[in-house]
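What follows is each chain in one-letter form.
Protein chains: 2
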Amino acid sequence: MQRLQLEGQAGDVALDPPVVPLDLQLRAPALDDLRADATRLVGALESEGVNEPHLCLPVLAEAPARLRAQGWSVRVAVHRGQARPEVVAILPIQTALFGLAIDVGTTKLAAYLVDLSTGQTVARAGAMNPQIAFGEDVVSRISYANTAPAAERVLHDRLIEGLNRLVDELCAQAGIERASIVDAVAVGNTATQHLLAGLPVRQLGEAPYVAAASEPLNLRAAEVGLQLAAGATLYTPPNIAGYVGADHVAMLLASGLGDTDRTVLALDIGTNTEVSLAHGGQLWSCSTASGPAFEGAHIHDGMRAAPGAVERVGRVDGAFLVYTIGDVPPVGICGSGILDAVAQGLEAGIIDSRGALSKNHPLVRRTGHGPAWVLVPAVRTGHGRDVLITRSDVHEIQLAKGAIRAGTELLLAAAGIQAEAVDDVVVAGAFGTYLDLGSAIRVGMLPSLPKERFRQVGNAAGRGAQHLLVSRERRTMAGDLARRVQYLELTTHGEFTNRFVAALSF
Amino acid sequence: MQRLQLEGQAGDVALDPPVVPLDLQLRAPALDDLRADATRLVGALESEGVNEPHLCLPVLAEAPARLRAQGWSVRVAVHRGQARPEVVAILPIQTALFGLAIDVGTTKLAAYLVDLSTGQTVARAGAMNPQIAFGEDVVSRISYANTAPAAERVLHDRLIEGLNRLVDELCAQAGIERASIVDAVAVGNTATQHLLAGLPVRQLGEAPYVAAASEPLNLRAAEVGLQLAAGATLYTPPNIAGYVGADHVAMLLASGLGDTDRTVLALDIGTNTEVSLAHGGQLWSCSTASGPAFEGAHIHDGMRAAPGAVERVGRVDGAFLVYTIGDVPPVGICGSGILDAVAQGLEAGIIDSRGALSKNHPLVRRTGHGPAWVLVPAVRTGHGRDVLITRSDVHEIQLAKGAIRAGTELLLAAAGIQAEAVDDVVVAGAFGTYLDLGSAIRVGMLPSLPKERFRQVGNAAGRGAQHLLVSRERRTMAGDLARRVQYLELTTHGEFTNRFVAALSF
Numbered sequence: 000m001q002r003l004q005l006e007g008q009a010g011d012v013a014l015d016p017p018v019v020p021l022d023l024q025l026r027a028p029a030l031d032d033l034r035a036d037a038t039r040l041v042g043a044l045e046s047e048g049v050n051e052p053h054l055c056l057p058v059l060a061e062a063p064a065r066l067r068a069q070g071w072s073v074r075v076a077v078h079r080g081q082a083r084p085e086v087v088a089i090l091p092i093q094t095a096l097f098g099l100a101i102d103v104g105t106t107k108l109a110a111y112l113v114d115l116s117t118g119q120t121v122a123r124a125g126a127m128n129p130q131i132a133f134g135e136d137v138v139s140r141i142s143y144a145n146t147a148p149a150a151e152r153v154l155h156d157r158l159i160e161g162l163n164r165l166v167d168e169l170c171a172q173a174g175i176e177r178a179s180i181v182d183a184v185a186v187g188n189t190a191t192q193h194l195l196a197g198l199p200v201r202q203l204g205e206a207p208y209v210a211a212a213s214e215p216l217n218l219r220a221a222e223v224g225l226q227l228a229a230g231a232t233l234y235t236p237p238n239i240a241g242y243v244g245a246d247h248v249a250m251l252l253a254s255g256l257g258d259t260d261r262t263v264l265a266l267d268i269g270t271n272t273e274v275s276l277a278h279g280g281q282l283w284s285c286s287t288a289s290g291p292a293f294e295g296a297h298i299h300d301g302m303r304a305a306p307g308a309v310e311r312v313g314r315v316d317g318a319f320l321v322y323t324i325g326d327v328p329p330v331g332i333c334g335s336g337i338l339d340a341v342a343q344g345l346e347a348g349i350i351d352s353r354g355a356l357s358k359n360h361p362l363v364r365r366t367g368h369g370p371a372w373v374l375v376p377a378v379r380t381g382h383g384r385d386v387l388i389t390r391s392d393v394h395e396i397q398l399a400k401g402a403i404r405a406g407t408e409l410l411l412a413a414a415g416i417q418a419e420a421v422d423d424v425v426v427a428g429a430f431g432t433y434l435d436l437g438s439a440i441r442v443g444m445l446p447s448l449p450k451e452r453f454r455q456v457g458n459a460a461g462r463g464a465q466h467l468l469v470s471r472e473r474r475t476m477a478g479d480l481a482r483r484v485q486y487l488e489l490t491t492h493g494e495f496t497n498r499f500v501a502a503l504s505f
Numbered sequence: 000m001q002r003l004q005l006e007g008q009a010g011d012v013a014l015d016p017p018v019v020p021l022d023l024q025l026r027a028p029a030l031d032d033l034r035a036d037a038t039r040l041v042g043a044l045e046s047e048g049v050n051e052p053h054l055c056l057p058v059l060a061e062a063p064a065r066l067r068a069q070g071w072s073v074r075v076a077v078h079r080g081q082a083r084p085e086v087v088a089i090l091p092i093q094t095a096l097f098g099l100a101i102d103v104g105t106t107k108l109a110a111y112l113v114d115l116s117t118g119q120t121v122a123r124a125g126a127m128n129p130q131i132a133f134g135e136d137v138v139s140r141i142s143y144a145n146t147a148p149a150a151e152r153v154l155h156d157r158l159i160e161g162l163n164r165l166v167d168e169l170c171a172q173a174g175i176e177r178a179s180i181v182d183a184v185a186v187g188n189t190a191t192q193h194l195l196a197g198l199p200v201r202q203l204g205e206a207p208y209v210a211a212a213s214e215p216l217n218l219r220a221a222e223v224g225l226q227l228a229a230g231a232t233l234y235t236p237p238n239i240a241g242y243v244g245a246d247h248v249a250m251l252l253a254s255g256l257g258d259t260d261r262t263v264l265a266l267d268i269g270t271n272t273e274v275s276l277a278h279g280g281q282l283w284s285c286s287t288a289s290g291p292a293f294e295g296a297h298i299h300d301g302m303r304a305a306p307g308a309v310e311r312v313g314r315v316d317g318a319f320l321v322y323t324i325g326d327v328p329p330v331g332i333c334g335s336g337i338l339d340a341v342a343q344g345l346e347a348g349i350i351d352s353r354g355a356l357s358k359n360h361p362l363v364r365r366t367g368h369g370p371a372w373v374l375v376p377a378v379r380t381g382h383g384r385d386v387l388i389t390r391s392d393v394h395e396i397q398l399a400k401g402a403i404r405a406g407t408e409l410l411l412a413a414a415g416i417q418a419e420a421v422d423d424v425v426v427a428g429a430f431g432t433y434l435d436l437g438s439a440i441r442v443g444m445l446p447s448l449p450k451e452r453f454r455q456v457g458n459a460a461g462r463g464a465q466h467l468l469v470s471r472e473r474r475t476m477a478g479d480l481a482r483r484v485q486y487l488e489l490t491t492h493g494e495f496t497n498r499f500v501a502a503l504s505f
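Chains as they are written, first to last, in numbering that gives the first Met the number 0: chain W, 0 to 505; chain R, 0 to 505.
Calculated directly from the structure, the hints in this document are not laboratory data. C-beta atoms are modelled at their ideal positions from N, C-alpha and C, and glycine is treated no differently. Please note: incorrect hints may appear among the correct ones.
A short, non-exhaustive set of chain W residues, derived as facing chain R with CB atoms under 10 angstroms [claimed, not checked]:
#1 Ala13
#2 Leu14
#3 Pro57
#4 Ser213
If you anchor each label on the Cβ, the simulated ranges turn out as follows [as the list claims (entries may be wrong)]:
#5 W:Asp479 - R:Lys107: 25 to 33 angstroms
#6 R:Ala82 - W:Tyr322: 57 to 65 angstroms
#7 R:Thr262 - W:Glu51: 34 to 42 angstroms
#8 R:Val138 - W:Pro91: 30 to 38 angstroms
#9 W:Ala64 - R:Ala305: 34 to 42 angstroms
#10 R:Asp11 - W:Glu51: 29 to 37 angstroms
#11 W:Met127 - R:Ala132: 43 to 51 angstroms
#12 R:Ser46 - W:Asp479: 18 to 26 angstroms
#13 R:Pro91 - W:Glu51: 32 to 40 angstroms
#14 W:Asp156 - R:Ala173: 29 to 37 angstroms
From chain W, some residues computed to sit far from chain R (all C-beta separations above 12 angstroms) [said to hold, decoys possible]:
#15 Glu51
#16 Val153
#17 Glu168
#18 Ile175
#19 His368
#20 Glu419
#21 Thr491
Please work from the sequences and hints to get the whole structure.
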């Protein structure tokens, strides 16, 4: 078996996609051979060693025209990972087969087109998640879904429309037809994955927050409305709990937590932060409500990571330096910038260990929002107003880092180890990639460990999805991993509140 | 296993439906048991001995609301006949489960609601096949389907709409919900079955007339648009060839040809007449284009079997007697009437062995349509015009009976036997039930055998469908039967034309 170095953190992945091509030369129907098209196709497959292949209805429906248009010489795409091998597409001979990897983020959609014969990603496309119109976070979308039976359907439909547009874009980039996309993998948090599949989310919004389904789903892409090859399959990895989703599982796999004997802490930082710990061959996971501060929400001058956002704050010889995205005058501050600002403010004594601003500091002014630190005065900003850090902004960061820290500590306690025992810390996700580790450690969000133990792995969930497209072993590992995880529900955990309160201070 | 005497011709049928109920008491989710709904359901099923049950997407989607609405005490309907047992519905505890049997005729739809716990048919409904608007026979519907890609869809959609209306009617009759109909069986000729499933029919209209699929289809009812329980299954029996459909298979099964060691000839007489012969444990089948004469089409005064149609013609003391449906003055003649008329005309010397009318007979008059036999003079009809039998009408009957006879003879030749060796003749279908056997033998449509060897079995296809709902054994037999049949394609058979021409004379 070919082993490939795919882009990922978990070493190489064996190229062994569930869906493989098979070129067939069929006999045309004749007076002495009146077998039905399906029987003819099944016969040809069985003589190639594919036993009891199943033809789903959409493939049966396209078979007569496709077989005749191709003069009975066709390439079929066969899914080998089901109870019975399944024909998912009938294509012109020698057609290259592609897979679609989808990372459905709460905020952003990312889609990747993978050549299944090489494992290489040949096109990428991204867009905002259209569900944003119905709530910025998962909890508000669940609330919206519960307003009316049709609302859940709207969330599903908008998402699928958005994904179908990305598929168009990928096909145009790569110059291929949708019909040659024969398999898909979608990862997302549990609620998003439910909405993608058309499963209800109401029970995810009510204690004890259980999923409709947590095992991997093996669907037909057409069942959820994705327009790919007629019988194209759609796989979603298992989720671990209502708030630890398949995207986290994909991230853990791509980061090597599926089969490590090291002690690894892995965090996916976002509005909800999923934290997992591998130790002694065991795995623990939890989810913490870290809030949207790192996406710039609930922050006085907060904004998304876009041109004009302060993304770094440094201090040289006592003077604060700000760096903006696009190197233009600042108009606000994004997640990594606010984290840096708080860390630097602590160092400079502008912020104290309880999170209060020092009213005597020359950069702190009284404003309509209480005392605020003028990070960038109006004269140097792009919009002619001060860029401020308020007491309330600091409080948001305290809540976020306190939650992440408390979750981390409870996982360490469950494993019976101290933070120092952690060999590797994996920090995933867009914010996790841009944050300054020093700042994250200084504010107490991440454990204080030598920097060489940290890995910032970017969109590991997306990479995990790409791996799952081309590796049957990875799909097996995903199931194993989810079954092995010991999940800690923090909202009702006896120790959580104490730990959280203790972790609020800097 | 309970054995039931179901209404049918094949003795008793073991009551062993593929879909069975199972009452489950689940634990509600709690902080110490956060399993997903699907995992919880699968766990409960496995502890009842149902191994590796599969939950399809529509069932997963309804599970959270149904489980909670029922307080976690539910009846599930489990389909045992698939590769893995499959949950097809989640219902209130103790809900009675029903099956839907559908006979999709070219002209008429018949639907039966069967109580799966008793095997009894509890409601029946019928309607015209809405596809009639697109052609009276299968060949014209195939032509219509080929006019545009959307036309095939229209034929499918109209049919499904018609069937969904019948389901409404059945539910109202029986006072049940659609959600308790957990399985369906549909029989029809090959083209109709293709249109029902959404399979293309173009290749059925072009030599060598092969089916897209001939094996049994195990679909989800929702896949084709039938609104039953969320995951309800739809089974269609195998077909034998492009013009010997699943309805004929169902008829053969209901008539005992699936496991007989007798020599049995079975005919399903219609626009196409399917003929099968069982002999020495072997089976042969063919289809003959017998035309629509027996449905009253292409006959000068032909009409469907409706009030005022002459359905019987007798002769007492040399005088012709006609009997009409509804016992009202005649306004036309239906299939069984025209068959009787030709037989009596032959006896009376009005029609000669070549089919010509005797111009010298007092009842034969010169008309605008050539010489015609005045079967009922205008003074005695309901519409004040003569009811005539024309030379052309006799010719239509000659073509029909010639085709059926030639097909029968070729089957006998294939089996190497003479007609006298036939133990039983089964005549099925609406026309087959009403025809007078003496007339059919007199015109030469049926072999000249003692009357006690004949059985007129009515809508055996519909009964076969009902049996298939409640018997896994019958489904196995259906597959076996279709595989065992030796199909004779008559349109290209070297001997057919000679036999047909020879069989035209009376």
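Hint-by-hint comparison with the structure:
The interface hint given for alanine 13 (chain W) is broken, as the beta carbon of that residue sits about 26 angstroms from the closest beta carbon of chain R, more than 10 angstroms. Restraint check, leucine 14 (chain W) versus chain R: the minimum CB separation of about 28 angstroms is more than 10 angstroms; hint violated. Against a cut-off of 10 angstroms between C-beta atoms, the interface hint on proline 57 (chain W) holds, since the closest Cβ of chain R lies about 9 angstroms away. Hint status for serine 213 (chain W): holds, given a least beta-carbon distance of 4 angstroms to chain R, under 10 angstroms.
The supplied range of 25 to 33 angstroms is broken by aspartate 479 (chain W) and lysine 107 (chain R), whose beta-carbon atoms lie about 55 angstroms from each other. Between alanine 82 (chain R) and tyrosine 322 (chain W) the CB atoms are about 59 angstroms apart, so this pair conforms to the stated range of 57 to 65 angstroms. Between threonine 262 (chain R) and glutamate 51 (chain W) the CB atoms are about 35 angstroms apart, so this pair conforms to the stated range of 34 to 42 angstroms. Look at valine 138 (chain R) against proline 91 (chain W): about 32 angstroms separates their beta carbons, and that is inside 30 to 38 angstroms.
Evaluation of the 34 to 42 angstroms hint for alanine 64 (chain W) and alanine 305 (chain R) yields a pass: the beta carbon distance comes to about 41 angstroms. With their beta carbons about 32 angstroms apart, aspartate 11 (chain R) and glutamate 51 (chain W) fall inside the hinted range of 29 to 37 angstroms. Between methionine 127 (chain W) and alanine 132 (chain R) the CB atoms are about 47 angstroms apart, so this pair conforms to the stated range of 43 to 51 angstroms. Here the CB-CB span from serine 46 (chain R) to aspartate 479 (chain W) is close to 23 angstroms, well matched to the stated 18 to 26 angstroms.
Checking the proposed 32 to 40 angstroms range against proline 91 (chain R) and glutamate 51 (chain W) shows it holds: the Cβ atoms sit about 37 angstroms from each other. A hinted range of 29 to 37 angstroms for the beta carbons of aspartate 156 (chain W) and alanine 173 (chain R) is consistent with their spacing of about 35 angstroms. The claim that glutamate 51 (chain W) is not at the interface with chain R is violated, since a C-beta of that chain comes within 12 angstroms of its own (minimum 9 angstroms). No Cβ of chain R comes within 12 angstroms of the Cβ of valine 153 (chain W); the nearest lies about 15 angstroms off, and the non-interface call holds.
No beta-carbon of chain R comes within 12 angstroms of the beta-carbon of glutamate 168 (chain W); the shortest separation is about 26 angstroms. The Cβ of isoleucine 175 (chain W) sits about 23 angstroms from the closest Cβ of chain R, beyond the 12 angstroms cut-off, so the non-interface label holds. Even its closest Cβ contact with chain R, about 40 angstroms, leaves histidine 368 (chain W) beyond 12 angstroms, as expected for a residue assigned away from the interface. The beta carbon of glutamate 419 (chain W) is kept farther than 12 angstroms from every beta carbon of chain R, the shortest such distance being approximately 31 angstroms.
With a closest Cβ-Cβ approach of about 5 angstroms to chain R, threonine 491 (chain W) is found to fall inside the 12 angstroms limit, against its non-interface label.
Consistency note: the structure conflicts with the earlier hints numbered 1, 2, 5, 15 and 21.
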